[in-house]
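Got chain A; can you put chain B on it based on the hints?
So the sequence lines, in the order shown, correspond to chains A and B.
The numbering of the first sequence is the working numbering, which starts it at 1 and goes up by one.
The numbering of the second sequence is the working numbering, which starts it at 1001 and goes up by one.
You may find that some hints are simply not true.
Facing chain B, according to a computed beta carbon distance under 10 Å, are these residues of chain A, among others [as the list claims (entries may be wrong)]:
(1) 76
(2) 78
(3) 158
(4) 162
(5) 164
(6) 166
(7) 169
(8) 242
(9) 259
(10) 288
Footprint (simulated), chain B over chain A, 3 or more residues, beta carbon under 8 Å [what the hints assert, rightly or not]:
(11) 250 to 256
(12) 291 to 304
Covered, in the sense of this in silico footprint (three residues per stretch, anywhere, with C-beta under 8 Å from a C-beta of chain B), are these stretches of chain A [to be verified]:
(13) 179 to 187
(14) 281 to 287
These are calculated hints, taken from the structure and not from any lab test.
Virtual Cβ for every residue (Gly too), placed ideally from N, Cα, C.
Number of protein chains: 2
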Amino acid sequence: MSENIYVGVDLGGTAIKVGICNEEGHLLQKYEGPTETAKGVDTVIDNIEKYVRHIVEESPYSWDQLAGVGAGFAGFTNIREGIIILAPNVGFKDVPIRALLEERLGKPVKIDNDANVAALGEAWSGAGRGVENCVCYTLGTGVGGGIIVNGKIYQGFGGMAGELGHISVVPDLEAIQCGCGEMGCLETVSSATGIIRMAKDAVERGDRTSLAHVESIAAKEVFDAAKAGDEVAIRIVNRAAYYLGKSMAAVAAVLNPEAFIIGGGVSKAGDILFNEVRAVFAKLTPEPLQRGVRIVPAELGNDAGVVGAAGLHLRS
Amino acid sequence: MSENIYVGVDLGGTAIKVGICNEEGHLLQKYEGPTETAKGVDTVIDNIEKYVRHIVEESPYSWDQLAGVGAGFAGFTNIREGIIILAPNVGFKDVPIRALLEERLGKPVKIDNDANVAALGEAWSGAGRGVENCVCYTLGTGVGGGIIVNGKIYQGFGGMAGELGHISVVPDLEAIQCGCGEMGCLETVSSATGIIRMAKDAVERGDRTSLAHVESIAAKEVFDAAKAGDEVAIRIVNRAAYYLGKSMAAVAAVLNPEAFIIGGGVSKAGDILFNEVRAVFAKLTPEPLQRGVRIVPAELGNDAGVVGAAGLHLRS
Chain A
1 MSENIYVGVD LGGTAIKVGI CNEEGHLLQK YEGPTETAKG VDTVIDNIEK
51 YVRHIVEESP YSWDQLAGVG AGFAGFTNIR EGIIILAPNV GFKDVPIRAL
101 LEERLGKPVK IDNDANVAAL GEAWSGAGRG VENCVCYTLG TGVGGGIIVN
151 GKIYQGFGGM AGELGHISVV PDLEAIQCGC GEMGCLETVS SATGIIRMAK
201 DAVERGDRTS LAHVESIAAK EVFDAAKAGD EVAIRIVNRA AYYLGKSMAA
251 VAAVLNPEAF IIGGGVSKAG DILFNEVRAV FAKLTPEPLQ RGVRIVPAEL
301 GNDAGVVGAA GLHLRS
Chain B
1001 MSENIYVGVD LGGTAIKVGI CNEEGHLLQK YEGPTETAKG VDTVIDNIEK
1051 YVRHIVEESP YSWDQLAGVG AGFAGFTNIR EGIIILAPNV GFKDVPIRAL
1101 LEERLGKPVK IDNDANVAAL GEAWSGAGRG VENCVCYTLG TGVGGGIIVN
1151 GKIYQGFGGM AGELGHISVV PDLEAIQCGC GEMGCLETVS SATGIIRMAK
1201 DAVERGDRTS LAHVESIAAK EVFDAAKAGD EVAIRIVNRA AYYLGKSMAA
1251 VAAVLNPEAF IIGGGVSKAG DILFNEVRAV FAKLTPEPLQ RGVRIVPAEL
1301 GNDAGVVGAA GLHLRS
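In isolation and in its complexed conformation, chain A is listed as follows:
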């Protein structure tokens, strides 16, 4: 076993996940431990070092085989300089994480944000294996995105490419304001937050729906109700799917990707979401731009972050 290995780090507010990948993007081993965010930046960095050393020690690979470490996290980064500008869930502000980790580990380190890293994970060894150009949506609390061009993360001018949640898709008359300040962003309707909001609005205005009897509505309850035939829930899921499909039609006109990969909690809705998204995309996209294009669920689930982070040295 003389091959190179890469360790990916998925830095979350509660847990730090680490994983070993080989050069083909296969996840060989994984491990996780607490972040201990409350103890401050130094402890978090200590923990990252500890878990990275631990997983390699427990593996059949030697430390010398470790060719690089990658880390992904939710927040704003200066990728070129390797600085986390702001990562609220781990309390990092202007932390030169690349330099800190390179000094401790003696290995090259790369960082990127969670949406890009997840996209790379899927492109490298998930639903986008073998695809040169694809676009990944992560439908969670918000809507994140990552653009893969020629197998690599495409960053854009200010490192802001793939902000798919902020494509404006909802017409003025029914648009609400997004957290970014603009009106009608995709994120306002196709995120878990958007779905929950639509469900609560429906209950509040007295629509006849089984959701009225749910104490605390999460996106999953809306999908379950829709699957059980609740018409209000179906309307909400269709609305989330409609605007997702509409945004994809716009992305297709710009990038003509080979595949759209949809991950994140909302994607777990399954066929009830995907069938509608595919139908809307087919309806709203000129035929040459949809020829051969696939819309598929992400495959790696929670592992996309560590796999993509491990891939930063080869694919960014």
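Chain B only, in chain A's frame:
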């Protein structure tokens, strides 16, 4: 003068333009002759060969210095195979132009469509000089586009990337059907055709406008009337600008380009168009996605085609 040169060919229905560029994208010499479309494919190919040989012979460069020939034209292509699938304005259908020209010239040949080639010309040595990632709109009879990623043309999965005219931007209630079959495409409002249609509609329904006295309305008349203060014309120009800016907000969320470059006949409207486009883009785009982003007119005018075609060997 031992440097390499490249000849670009801009194949139009009436004229074939050829130009010599050096490796930095400077247009050193140009020449044009009639296409003679009516005489058939063989004559057109003969003419391309003749004009390419002629311009090199008349130049201070030797035939040996010619490192490659590129050709751009309006129509559908199979870029990898070098085949013009359909180019109505020169009557080409399934013409293996790359193979034909390589045999006649004994030089490597590359082809691409006019919008991509114009985008590359601007990126290489026009308004996008020094810019890694930019998006070019060509506002003519239709709305074409080209995406430049890392200095090169980005083709997409089926070679259809940059179909910016087919981003749907007009809300349902006021959308009309586009030639592509979809509703509300950018091309229906921000092309010369769209502007003329809006002007004719205004005249027909009796709006009070100086355009009512224009015999045959072209886009230029609408811009001239707007500059002279005609309120109907101003409304039409603003509408074209609004949807162009709206489409750019969507493109920015996907690609976060450094620059938008606007060329084609409609871009000649100048400030009256650009000021409004910039204002709309600023209003509809989240702040981080517009930071440092420039919206600028194309610089090469009719030369963009030959320059970009010459650049195909270095930048595609």
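So, going through the hints one by one against the coordinates:
Taking 10 Å as the C-beta cut-off, the interface hint given for residue 76 of chain A holds, the closest approach to chain B being about 8 Å. Interface restraint check for residue 78 of chain A: the shortest CB-CB distance to chain B comes to about 13 Å, outside 10 Å, so the restraint is violated. Interface hint status for residue 158 of chain A: upheld, as the beta-carbon distance to the closest one in chain B is roughly 6 Å, under 10 Å. Taking 10 Å as the C-beta cut-off, the interface hint given for residue 162 of chain A holds, the closest approach to chain B being about 7 Å.
Hint on residue 164 of chain A holds. Least Cβ distance to chain B is approximately 7 Å, under the 10 Å limit. Checking residue 166 of chain A against chain B by beta carbon gives a least distance of about 5 Å; that is within 10 Å, so the hint holds. Given hint, residue 169 of chain A at the interface with chain B, holds; its Cβ is 9 Å from that chain's nearest Cβ, closer than 10 Å. Of the supplied interface hints, the one on residue 242 of chain A is violated, with its beta-carbon coming no nearer than about 12 Å to a beta-carbon of chain B, more than 10 Å.
For residue 259 of chain A, the suggested interface contact is upheld, since its CB lies about 8 Å from the closest CB of chain B, less than 10 Å. With 10 Å as the threshold, the beta carbon of residue 288 of chain A comes within range of chain B, its nearest partner Cβ sitting at about 5 Å, so the hint holds. Evaluation of the coverage hint for the segment 250 to 256 of chain A: fulfilled, as 6 residues show C-beta separations to chain B shorter than 8 Å, against a requirement of three. Chain B is given as covering the segment 291 to 304 of chain A, and this holds because 3 residues of the stretch bring a CB closer than 8 Å to a CB of that chain, at least three being needed.
Counting residues of the segment 179 to 187 of chain A whose CB lies closer than 8 Å to any CB of chain B gives 3, which reaches the minimum of 3, so the coverage claim holds. For the segment 281 to 287 of chain A, the proposed coverage by chain B is satisfied: 4 residues have a C-beta within less than 8 Å of a C-beta in that chain, meeting the threshold of three.
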